[in-house]
Amino acid sequence: MSVHTMETLALFDSAPYQNAFSARVIAVSEHGIALEHTLFYPTGGGQPGDTGHLTLADGTRVEVTGTVRDPVLRSIIWHQVEHCPEQLVAGVQVDAGLDWDRRYQHMKMHTCLHLLCSIIDAPVTGCSISADKGRLDFDLPEMTLDKDTITRDLNALIEQAHAVKTLSMPASEYSTLLQITRTQAVAPPVIQGSVRVIEIAGIDIQPCGGTHVINTEEIGRVFCEKIEKKSKHNRRVILRFE
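Quick note, the sequence shown lines up with residues 93 to 334 if you use our numbering.
Heads up, a few of these hints could be off.
EDC-like mimics (lysine to aspartate or glutamate), calculated; alpha carbons at most 16 Å apart, straight line [what the hints assert, rightly or not]:
{"no.": "1", "residue 1": "K318", "residue 2": "E334"}
{"no.": "2", "residue 1": "K318", "residue 2": "D238"}
{"no.": "3", "residue 1": "K257", "residue 2": "E310"}
{"no.": "4", "residue 1": "K257", "residue 2": "E291"}
{"no.": "5", "residue 1": "K257", "residue 2": "D105"}
{"no.": "6", "residue 1": "K225", "residue 2": "E174"}
{"no.": "7", "residue 1": "K239", "residue 2": "E320"}
{"no.": "8", "residue 1": "K318", "residue 2": "D240"}
{"no.": "9", "residue 1": "K324", "residue 2": "D240"}
{"no.": "10", "residue 1": "K321", "residue 2": "D238"}
{"no.": "11", "residue 1": "K239", "residue 2": "E317"}
Beta-carbon label-pair distances, calculated as ranges [said to hold, decoys possible]:
{"no.": "12", "residue 1": "P163", "residue 2": "S222", "range": "35 to 43 Å"}
{"no.": "13", "residue 1": "I295", "residue 2": "T152", "range": "44 to 52 Å"}
{"no.": "14", "residue 1": "P262", "residue 2": "R153", "range": "36 to 44 Å"}
{"no.": "15", "residue 1": "V120", "residue 2": "Q252", "range": "45 to 53 Å"}
{"no.": "16", "residue 1": "R332", "residue 2": "G136", "range": "21 to 29 Å"}
{"no.": "17", "residue 1": "Y109", "residue 2": "S222", "range": "14 to 22 Å"}
{"no.": "18", "residue 1": "P163", "residue 2": "D238", "range": "23 to 31 Å"}
These aren't lab readings, by the way, just hints derived from the structure by calculation. Note that CB positions come from ideal geometry on N, CA and C, so glycine has one too.
Let the sequences and hints guide you as you build the complete structure.
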């Protein structure tokens with residue numbers, strides 16, 4: 093199979109809570125291992141790529157240290173490994189599993205950052221997510237934010253158990269999507285002619301390719317750890333799980 097005709101079917105959009113699967117290897121390169129389909133989320137939108145493992149038929153276990161999209165052929169997802177055994181070649185079948193605890197933390201924090209967007213009325217200029225914290229940068233010339241207020245308002249929204257829905261909008265509505273996009277630096281990605289949109293009804297609606305929980309109550313309690321002035325027009329809000 094030519095690399096130009098390869099494609100990794102992304103399963104994490106339709107099955108964000110599934111953490112194990114089987115798949116055929118379609119390519120092995122210096123970038124890593126490409127599978128015909130995967131639950132591993134590739135680095136993007138401030139969310140880190142998933143980690144986990146691949147298991148071969150003979151029981152050999154290969155640790156996946158990260159997941160990325162090909163820099164040129166975005167339809168290919170590479171599973172990065174420290175060591176590739178010689179029997180791991182195109183055509184073989186593998187069983188795969190995510191580091192689920194880490195991924196679930198990412199899902200909770202990513203959803204929480206959508207809530208943070210809803211309570212701070214300013215464009216987003218940066219985002220970062222990890223298993224224990226997350227942050228958003230806002231274009232705010234004045235320091236009008238308060239840690240205690242953010243903590244109180246976020247936990248109130250979380251406890252209200254709002255449903256989190258995944259929608260798909262056609263690329264033809266791209267101009268409309270740009271109007272609701274809070275992140276200035278990165279335009280929402282178009283995949284197979286449509287844009288993925290995350291809606292927390294009545295709270296927030298944003299184009300987003302990341303993974304999320306299906307109800308805000310799953311997030312649990314959080315607190316605003318710090319508000320930093322990064323530049324004249326940039327305020328960084330850092331959240332942590334309690």
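Restraint status (C-alpha distance of K324 to D240 at most 16 Å): 23 Å, violated
Outcome of range test on Cβ distance (P163, D238; 23 to 31 Å): 41 Å, violated
Assessment of proposed distance window 14 to 22 Å (beta carbons of Y109, S222): 20 Å, holds
Pairwise beta carbon distance, P262 to R153, judged against the given window 36 to 44 Å: 42 Å, holds
16 Å Cα cutoff - pair K257, E310: 14 Å, holds
Satisfaction of the hinted span 35 to 43 Å by the C-beta atoms belonging to P163 and S222: Distance hint for P163, S222 is violated at roughly 23 Å.
16 Å Cα cutoff - pair K318, E334: Cα-Cα ~14 Å, so holds.
Assessment of proposed distance window 44 to 52 Å (beta carbons of I295, T152): Holds, at about 46 Å.
Hinted pair K225 and E174, Cα distance within 16 Å: 26 Å, violated
Given pair status - E317, K239, alpha carbons within 16 Å: Distance ~7 Å between K239 and E317 Cα, so the pair holds.
Restraint check for K257 with E291, where alpha carbons must lie at most 16 Å apart: 5 Å, holds
Hint consistency between K239 and E320 [alpha-carbon to alpha-carbon, up to 16 Å]: This hinted pair holds, its Cα atoms lying about 11 Å apart.
Going through the hint list in order, the structure does not satisfy hints 6, 9, 12, 18.
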